[in-house]
Amino acid sequence: MKNNNPVKRDILLEMKDIVIDGFSDDRWHPIIKGIDLTLCRGEVLGLIGESGAGKSTLGKAAMGFAQPGCRLTGGTILFDGMELRAKSEKEKQKLWGSRMAYVAQSAAASFNPAHRLIDQTTESGIRHGLMSRKDAESDAIELYKAMRLPDPSNIGFRYPHQVSGGQLQRAMTAMAMTSRPDLIIFDEPTTALDVTTQVEVLAAMRDAVERFNTAAIYITHDLAVVAQMSDRIKVLRFGEEMEEAETNKMLKSPSHPYTKSLWSVRSIEKKATSSDDKILEIRNVDAAYGKGPKVLQNVNISVPRGNTVAIVGESGSGKSTAARVITGLLPVLKGKVLFNNEPLPLMVKERSKEQLQRIQMIYQMADTAMNPRHTVGEIIGRPLEFYLGLTGKALETRIIELLEMIELDESFYDRLPSELSGGQKQRICIARALAAEPELIICDEVTSALDQIVQEGILKLLLKLQVELGITYIFITHDIATVKAISDEVVVMLEGKVIEQDMKGNIFSPPYPEYTELLLSSVPEMDPEWLTKLLKSRSLKS
Amino acid sequence: MIEKFETYSAKAEVSNVRKRRTRWERIWLDLKKAPPTAIFGIVIIILYAFTAIFAPLLAPYGEADSQFQSYMRWGEDGHVFGTDQIGRDILSRLIYGARNTIGIALITTILSFLIGGGLGLIAAINRSILDQLLSRGVDVLMAIPGLIFALMLLSIFGANVLNLIIIMAILDSTRVFRLTRAVALNVVVMDYVEAAHLRGEKIGWIMRREILPNILPPLVAEFGLRFCFVFLSIAALSFLGVGIQPPTSDWGTMVREMASLIQFAKYDLLGAMTPLLPAACIALLTISVNFVVDWFLHKTSGIRDEK
Amino acid sequence: MHPVFLTVLQRVFLGFITLIVVSILIFGSIEMLPGDFGEAILGQSATKETVAAFRRELGLDQPAYIRYLNWIGNALTGDFGNSFSGRNASGIDRSRTVVDLLDQRLYNTLFLAAMTTLIAVPIALFLGITAALYRDTIYDRLVNSVTLTTIATPEFFVAYILILLFASLWGFFPSLGNVDPRDTLDVRIYKTSLPALTMALVTIAHMLRMTRAAIINLLASPYIEQARLKGVSSVQIILWHALPNAWAPIATVIAFNLAYMVVGVVVVEVVFVYPGVGQLMVDAVRTRDIPVVQACALIFAATYILLNLIADVIGIVTNPRLLHPR
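Residue numbers (this note's numbering), protein chains in the order written: chain S, 1 to 542; chain Y, 1001 to 1307; chain F, 2001 to 2326.
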């Protein structure tokens, strides 16, 4: 587990035995429990882990910064030989924004809405006395050019809300670069972006780091992305280090079992089947919210019984809207929805209980999908009472049966949602959908908010249930890997239109329509050279 | 084959299971952790409630018993705080005042919650024309400062207890409406409400079982604050002479009746402080309720003394 | 046309409509007068003819909307009709015009309000902002406790304590605020001191708490943390990052509390026997002098609406999203 010994004089950052506590529920809990971290000049270290692993806290601690609610309890932080923990706030302020910089996850929230981009970009440079205003501004424009932002000479004079998310993220990277820092912390910078936007941003960041020989800590939970950006990778779990190694070595032969399990995601791959019996059909549907522009245009989707149809697209593609049309929450302007070859009434209140019972939905955020004041038993029990009229002992027995079907047990009966983990919550939602004994279940991004290993578990469960009960799924997602794993057919959507619908095998083999090509190629792969190769091939094409 | 890190078990996933405790145990635990201001507040409130309920047993003399000499000093002849301008025992009037003032304020607050809370819920669920109508109506009502409107309506309808309660309840229900609507709107857009709707649940069920339990904490806190406001307003109106009418003893009226005594502070300090007694009673209750509400808000949502 | 301008115009228009509706409400309430109203005003010894004449004079025999239009039309030209206070059973009318009564009193109330604002706003803002900055220190806790106690106290309690201490016991200020139109400015200020101090104490407590909450909320924003991570000093963060975003909430706080003062002034004027609009209204309510009550209500409502309107406009005008649209 030891990394190659770095030459002493090249070490920029040396953290030893770091212990950080966080304050919640009126108590201090340890978040980081004794980690070492070493970084040389110009080197990029990828910090991976699932949510709650403490990566963000560690990243900020590398700068000597403890956010409100955290405190650095132990260890040493040596930045270029200076012990950061011994320094006062004022002394550290001199380093922040000049020799160290931070790029946050949400650029939209991290820019002050009241000031122009260029003023905020040049702020640290000017305030630390590194350059005059004029020099700072022309330098900022150069940086915008380097970040491949559109209209670099003028974009700085805009306000944050006038600029898109991906552009803001690049502007924030430019802002971090102004004072040519020795160290940049990238905290999940592309997590909130669409996959096609992410490519641009990653390219820009890597360029910047290479050009100025900046050392960086790149924090993310996305394995393929970290493979592109870093020289070495460190794996964190629950505040402890699992493994650290050079990127290539770690990708080829990870040693720690936990790392191996992270790497092996998407071990499932369903064999695609088809059926002529269509349980659901959407024909020529147009839809809009109120008097606004059309969100769905001439959409045709057919769902074979007993299969899984994945609807894939980026934000704004209309995939969630399609789900709302099917469930009757959004009436169509034109076209119809056929269920078992009979047209469905357009709105929920026009549908009968039986019609409502047969189509069930599972939501992305299990936190808001369950009433925090209801117990698990009540949540699962309600559809049983409402649709099947079960009461008393029969009700209780059935609830326990369902709990076992979702791989939990009786002990969960009286728990409240706040006492469950993310994966358990989503399983309860699945049980709630199953309780109604539906024919079709719509899964709206149900695994997107979960960690990788937990996602695996949920997907396996869904497939198992499909085999046992013959349920049809419509699986809405933006994650290509998931689509490959569980679907029979795939529908690709863009801006409210269906680009193509076909069997999985056909979708993923050439030739591709233009958008599908863009979408599939933008998905990062576990090859450290992937980004370089992609950019080369794209510049060749243009 | 890929080795798993550990046999993956959904059951074994880390989660926070709370120890199952009865409601009383939980309340006792909360009390032990409460800050001193909240404890103080709770004690005072219990004291006041006790006094209000058992007033006839506690008061040494009658509420309107004016057989004694007027303006007796503190401690004179068995009158702990002396007597007022027409010879009624002040201590007794203070005790009965608790019952009257608190009682009327409580009834008014409950009424305003029924009106404002009910309409607020309806507006949040409806979210279209009815909501717009109600909200505009409330906006207009709130455009007139409360006390002024109350004064105006009291001058037209006459100042008696029933009018007082109805007018204050309607005026105060506007604030309750706004809060209920805002809080309910937050809940109404949650996926679990949509899930219930998709199931085909009736609106009454959704209101009762999905929305109401989740809006209770802020509403309970608001009840405390509204009670204080109503309580202060009624005291102010009585002080101005247009609230509770004599001979009913009420703290606001008592302040007005004895206000002139303050002029003589140099000669009779205790006497001069007499009109401050009912005012202090008002202040003490309001402060206590505020302390308790503050603690309650901090406990339920981590919001500390906002607004 | 710039969207900000449009939005402001919309808001002003809305305020105007609200004022009209409120005036209808105020006027309409007279519709709800119980039948024997005429007798109640003129006294029980009034004859039927006198009462009828009175009703005719009030125009109670005409349809409602005509009366309303008359009333509003007159109000706009400054004629609020005559007070009921000079009438009696014999029908002889010794009443004064409402405007007469209001004239000097309006000036007095405005003077009191201005004095209070000048004292209260700077203190409240300063204390509120510093309490937010030094959150959870002893200073902050102290400020919190004191303000919590003050806002829970009825204004007349504060007033009487001040009178007890500063007027009766120590004699610094007079306990009666009986200003006279002939008083010079310094005498006027002297007499208005205790009333202004009372109102200031209560208003400061409210404003302070709201400002503190608003600033704390602001300081929790992610862009503030980002500024810290750029090494910007605390002073610069307050001045350059926080303040430009604070105008809207602070303006709302101030306007809200000025509006609150509109109500508080009534009790204070009664305690100190200060000849202002508040005291006039209370007296008129007690004697059921309807024209006076209506006029006072209209003035208070208009002020209230105007202050809220100003707060909203400031919020609009300082919003960067509206100032610089996409």
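These aren't lab readings, by the way, just hints derived from the structure by calculation.
It is possible that part of the hints are untrue.
Below, computed lysine-lysine pairings styled on DSSO-like, alpha-carbon distance capped at 30 angstroms [stated by the list, open to error]:
(1) S:33 / Y:1033
(2) S:460 / S:484
(3) Y:1202 / S:336
(4) S:260 / S:249
(5) S:393 / Y:1033
(6) S:349 / Y:1033
(7) S:464 / S:278
(8) S:484 / S:252
(9) S:16 / S:87
(10) S:536 / S:460
(11) Y:1202 / S:291
(12) Y:1202 / S:353
(13) S:33 / S:92
(14) S:334 / Y:1202
(15) S:134 / S:16
(16) S:271 / S:92
(17) S:464 / S:270
(18) S:353 / S:278
Checklist entry - Regarding the pair residue 33 (chain S) and residue 1033 (chain Y), is the alpha-carbon distance no greater than 30 angstroms? => result Distance of about 29 angstroms is within 30 angstroms: holds.
Item to check | Pairwise hint evaluation, residue 252 (chain S) against residue 484 (chain S), where the allowed Cα distance is 30 angstroms at most | outcome: holds (22 angstroms)
Next on the checklist: Checking one constraint from the list: CA of residue 464 (chain S) to CA of residue 278 (chain S), max 30 angstroms. Satisfied?
Outcome noted: holds (21 angstroms)
Checklist entry - Are residue 1202 (chain Y) and residue 336 (chain S) close enough, with their CA atoms no more than 30 angstroms apart? => result It holds: about 26 angstroms lies between the C-alpha atoms, which stays within 30 angstroms.
Next on the checklist: Given the hinted pair residue 260 (chain S) and residue 249 (chain S), is their Cα-Cα distance within 30 angstroms?
Outcome noted: holds (12 angstroms)
Checklist entry - Given the hint that residue 353 (chain S) pairs with residue 278 (chain S), does the C-alpha gap stay at or below 30 angstroms? => result holds (22 angstroms)
Next on the checklist: Tell me if the straight-line CA distance from residue 334 (chain S) to residue 1202 (chain Y) falls inside 30 angstroms.
Outcome noted: holds (28 angstroms)
Checklist entry - Taking only the CA atoms, is the gap from residue 16 (chain S) to residue 87 (chain S) under or equal to 30 angstroms? => result holds (17 angstroms)
Checklist entry - For the pair supplied as a hint, residue 349 (chain S) and residue 1033 (chain Y), is the alpha-carbon distance within the 30 angstroms limit? => result violated (48 angstroms)
Checklist entry - Straight-line Cα separation of residue 464 (chain S) and residue 270 (chain S) no greater than 30 angstroms? => result holds (11 angstroms)
Item to check | 30 angstroms limit on alpha-carbon distance, applied to hinted pair residue 33 (chain S) and residue 92 (chain S) | outcome: Holds - the C-alpha atoms of residue 92 (chain S) and residue 33 (chain S) are around 24 angstroms apart, at most 30 angstroms.
Next on the checklist: Given the hinted pair residue 393 (chain S) and residue 1033 (chain Y), is their Cα-Cα distance within 30 angstroms?
Outcome noted: violated (40 angstroms)
Hints 5, 6, 10, 15 and 16 from the earlier list are contradicted by this structure; the remaining hints agree with it.
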